[in-house]
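Note that the protein sequences, when read in sequence, are chains U and Z. All you need for this note's numbering is the position in the first sequence, starting with 1, plus 1040. All you need for this note's numbering is the position in the second sequence, starting with 1, plus 3.
Please keep in mind that the hints were generated in silico from the structure rather than gathered at the bench. Remember, it's a predicted structure, so these values are computed and weren't measured experimentally. We put the CB at the ideal spot given by N, CA and C, even for glycine. Worth double-checking, as some hints may not be accurate.
Stated by the list, open to error - Rough simulated footprint, nothing fancy, chain U against chain Z, three-plus residues with beta-carbon under 8 angstroms:
{"#": "1", "segment": "7-16"}
{"#": "2", "segment": "28-37"}
To be verified - Here are some, though not all, of the chain Z residues that point toward chain U, as calculated from beta-carbon distances under 10 angstroms:
{"#": "3", "residue": "His44"}
{"#": "4", "residue": "Thr86"}
{"#": "5", "residue": "Val90"}
{"#": "6", "residue": "Pro92"}
{"#": "7", "residue": "Pro93"}
{"#": "8", "residue": "Ala169"}
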Amino acid sequence: MIALGAVYQRFGSLPFAQAALRGMSAVAAGLVLAIGLKMTGGLQRHWRVWLFGALAFFAVGVLRWPLLAVVLVLAPLAIAAAWRDPPS
Amino acid sequence: VSRLPIAWALFVRLLLLSLIAVGGVTTVVPDIQRYVVDAEHWITATQFADAFALGQVAPGPNMMYITLVGWTIAGWSGAVAATAAMVVPPAVLTLMVARANTLSPGTRLGRAIRAGLGPITLGLMLASGWILATSVDRHWPGYIATAVTIVVVMRTRWNPLWLIAAGAVAGVVGLI
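One chain only, chain U, in its complex shape (with noise of 0.2 angstroms):
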């Protein structure tokens, strides 16, 4: 790993690096929101469920709020709701 960092440092700012790295971290970005949204298969299908996954998502990746504070605030709910749940 240091030694791709210092690859990178050493010739990260080439044209030509540039623009692979460029096409790397948009797929790289893909792979992420993949495993993600497949990872979403293995969910209970139940509102609650995809109501906190939501909120999530939108405080931290759309309005960029702090993770600890949502994990803080949200967490909490989540856990609290699903004692509720009968069990599997």
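Use these hints to put chain Z onto chain U, whose structure you have.
Okay, now just chain Z, sitting in the frame of chain U:
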């Protein structure tokens, strides 16, 4: 200018973040990005996205992007600080939780925590992907590449490394 104060500041911030990183190191992308790019201006949004992309290529866990971010900011001291901060607290926490789980498996609280945090984790992961896709000043070919990647990953079992390689080629030949 000594880089140690910067490495130390990075260490403290990441230490706090790693404790609340439900769902792993991908979910802290938004906060690390805001801290090192928007707040401290240590690196640019492009450098951050580059580090993330390279972290996907390197062998090993994909948390390696954090090592690379640390390295880009403050060299060796930054790399060590960032890595240690991301590894140690979750490792300790995991051991504690695993121990509690062994002592009393399948408790109602444990089940509620897993069921409650699952969707939040996914929402945060999608937020990370969203920020990686939109923080860099891309043009529409970049967004198309991101969209195509999503479709390919959802529909095939191709190795992600090939996709990243394809992205690199597309970039070099001027498509993206």
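For this session: Hold the hint about Z/Val90 up to the distance rule: shortest CB distance to chain U must be less than 10 angstroms.
Result: 13 angstroms, violated
Problem set entry | Hint validity - Z/Thr86 Cβ closer than 10 angstroms to any chain U Cβ | 9 angstroms, holds
For this session: Double-check Z/Ala169 for me: the hint is only fine if its C-beta lies closer than 10 angstroms to a C-beta in chain U.
Result: This interface hint holds because 7 angstroms falls under the 10 angstroms limit.
Exercise. Does Z/His44 pass the interface check with chain U, least Cβ-Cβ distance below 10 angstroms?
Worked result: 16 angstroms, violated
Exercise. Against chain U, is Z/Pro93 within 10 angstroms by beta-carbon distance?
Worked result: Since the shortest Cβ distance to chain U is 14 angstroms, the answer is violated.
Problem set entry | Coverage criterion applied to the segment 7-16 of chain Z (partner chain U; beta-carbon cut 8 angstroms; 3 residues) | With 0 residues close enough to chain U, the hint is violated.
For this session: Report holds or violated for the interface hint on Z/Pro92, using the least CB-CB distance to chain U and a cut-off of 10 angstroms.
Result: Result: violated, 14 angstroms to nearest chain U Cβ.
Exercise. For the segment 28-37 of chain Z, do at least 3 residues have a Cβ located nearer than 8 angstroms to some Cβ of chain U?
Worked result: holds (count 7)
Checked against the numbered hints above, the structure violates hints 1, 3, 5, 6 and 7; every other hint is satisfied.
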